[in-house]
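Each residue of the sequence shown is one higher than the one before, counting from 1 in the UniProt record's numbering.
Everything labelled a hint here was simulated from the structure, so no lab data went into it. Any given hint could turn out to be false.
Pairs of lysine-lysine residues, derived as DSBU-like cross-links and limited to a Cα-Cα distance of at most 35 Å, are as follows [unchecked claim]:
| id | residue 1 | residue 2 |
| --- | --- | --- |
| 1 | 263 | 47 |
| 2 | 173 | 263 |
| 3 | 191 | 173 |
What follows is a list of derived Cβ distance ranges for each label pair [what the hints assert, rightly or not]:
| id | residue 1 | residue 2 | range |
| --- | --- | --- | --- |
| 4 | 70 | 17 | 49 to 59 Å |
| 5 | 190 | 73 | 32 to 42 Å |
| 6 | 136 | 208 | 36 to 46 Å |
| 7 | 26 | 282 | 17 to 27 Å |
| 8 | 201 | 33 | 36 to 46 Å |
| 9 | 89 | 114 | 17 to 27 Å |
| 10 | 279 | 136 | 33 to 43 Å |
| 11 | 106 | 37 | 43 to 53 Å |
| 12 | 208 | 34 | 39 to 49 Å |
| 13 | 147 | 26 | 17 to 27 Å |
| 14 | 17 | 59 | 43 to 53 Å |
| 15 | 150 | 29 | 45 to 55 Å |
| 16 | 263 | 129 | 21 to 31 Å |
| 17 | 67 | 114 | 42 to 52 Å |
Glycine included, each C-beta is placed from N, C-alpha and C at the ideal position.
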Amino acid sequence: MRRGRDGGPRRGRGWITAILFVLPALILFALLVLLPILVAGYTSLFKWNGIGPPSNFIGLDNFTRLFQSDIFAGDLRNGGILIVLGLLVQLPLSLGLAVMLNQRIRGRAFYRLLFFAPYMLSEAIIGVLFSMILSPDTGLANQLLVSWGMEPWTWLSEPDTVMFSLFLVITWKYFGFHMIIYLAGLQGIPKELSEAARIDGAGGWNVFRHVTLPLLGPTIRVSAFLSVIGTIQLFDLVWILTGGGPSHASETMAVSMFEYGFKRSQIGYSSAISVVMFVISLVFALGYQRFVLRRDLEGASTTMGDRR
Numbered sequence: 001m002r003r004g005r006d007g008g009p010r011r012g013r014g015w016i017t018a019i020l021f022v023l024p025a026l027i028l029f030a031l032l033v034l035l036p037i038l039v040a041g042y043t044s045l046f047k048w049n050g051i052g053p054p055s056n057f058i059g060l061d062n063f064t065r066l067f068q069s070d071i072f073a074g075d076l077r078n079g080g081i082l083i084v085l086g087l088l089v090q091l092p093l094s095l096g097l098a099v100m101l102n103q104r105i106r107g108r109a110f111y112r113l114l115f116f117a118p119y120m121l122s123e124a125i126i127g128v129l130f131s132m133i134l135s136p137d138t139g140l141a142n143q144l145l146v147s148w149g150m151e152p153w154t155w156l157s158e159p160d161t162v163m164f165s166l167f168l169v170i171t172w173k174y175f176g177f178h179m180i181i182y183l184a185g186l187q188g189i190p191k192e193l194s195e196a197a198r199i200d201g202a203g204g205w206n207v208f209r210h211v212t213l214p215l216l217g218p219t220i221r222v223s224a225f226l227s228v229i230g231t232i233q234l235f236d237l238v239w240i241l242t243g244g245g246p247s248h249a250s251e252t253m254a255v256s257m258f259e260y261g262f263k264r265s266q267i268g269y270s271s272a273i274s275v276v277m278f279v280i281s282l283v284f285a286l287g288y289q290r291f292v293l294r295r296d297l298e299g300a301s302t303t304m305g306d307r308r
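Let the hints inform the model, and build the full structure from the sequences given.
And the structure:
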């Protein structure tokens, strides 16, 4: 039954084998990703408290209420603030540390582990830890401020300071993750290029600006994508630290979704929030891939084609 290189049975057997290997993953993806999306889209069209089958069909009223809500507008604003701060502060900090730890310095393996360690802790642990550190009465942060002759802060209980405090915790948690990504990218850059630039008389800053940074571009773009998507879906740290308060000042879309769905039993409205959050993430991902990652993906495809 064997056929030639272009024959059918062997090729057909290969396709069957490939399908059998992929099928379990496709089943899990359909059950854990596609089905919940479809269910959320369906229940968002009902006024439903989660008890019994949804029957009170209201069409797009949940979405109309959502887009007219000042709370949801605040959720979008808070998410935008965290995204901008992450791109302008957290990622450059991670990149600077990665460049430093890519040099031959004593104990760099220890420093890499030290900076990456917060990312290995769960959001629940970090949330509880910083809720104690930032406590207005007995927290370590205010004790340090008082010992330095400064006034204590209300880190998590004032609308003017809560987003700043939340961003500090998020940065402490995730900057090590982006640092490792940048380190991997830096180690993939041939050292001969930097050495050639130095031989030509370029200083350290010019080498970084004209050699290292352009070659690190694909890594930076992937890191920025992960940062934005993670911020859009941010929930754990916010819920444990502030619960979205005070007065919705630190609330995100995911926190609002949980609040309406599990505490107020407004499952239809909560589903509408989840649908909007999914659409925002999907549109951003597709747009980012189309306009930002296009050259990187084309380069990867070309490289794979050459290897074949």
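### Query
Given a hinted range of 32 to 42 Å, is it respected by the beta-carbon distance of residue 190 and residue 73?
About 49 Å separates the Cβ atoms of residue 190 and residue 73, which means 32 to 42 Å is violated.
### Task
Hint says 45 to 55 Å; check whether the CB-CB distance for residue 150 and residue 29 agrees.
The hint (45 to 55 Å, Cβ to Cβ) holds, given that residue 150 and residue 29 are roughly 52 Å apart.
### Query
Would you say the C-beta atoms of residue 70 and residue 17 sit inside 49 to 59 Å of each other?
holds, 56 Å
### Task
Determine whether the Cβ-Cβ distance between residue 26 and residue 282 falls within the hinted range of 17 to 27 Å.
holds, 19 Å
### Message
Quick check: does the Cβ-Cβ distance between residue 201 and residue 33 fall within 36 to 46 Å?
### Response
violated, 54 Å
### Message
So if I understand the rule, the pair passes when the alpha-carbon distance is 35 Å or less; does residue 191 with residue 173 pass?
### Response
holds, 31 Å
### Task
Take a look at whether the Cβ-Cβ distance between residue 136 and residue 208 falls inside 36 to 46 Å.
Check passed, 42 Å falls within 36 to 46 Å.
### Query
Would you say the C-beta atoms of residue 279 and residue 136 sit inside 33 to 43 Å of each other?
For residue 279 and residue 136 the Cβ distance comes to about 39 Å; the hint holds.
### Query
Within 42 to 52 Å or not, the Cβ separation of residue 67 and residue 114?
Hint holds: Cβ distance 45 Å, inside 42 to 52 Å.
### Query
Falls inside 39 to 49 Å, the C-beta gap from residue 208 to residue 34?
holds, 44 Å
### Query
Can the restraint linking residue 173 and residue 263 be considered satisfied, given a maximum Cα separation of 35 Å?
holds, 27 Å
### Query
Within 17 to 27 Å or not, the Cβ separation of residue 89 and residue 114?
holds, 20 Å
Hint compliance for this structure: hints 5, 8 and 13 are not met, and every other hint is.
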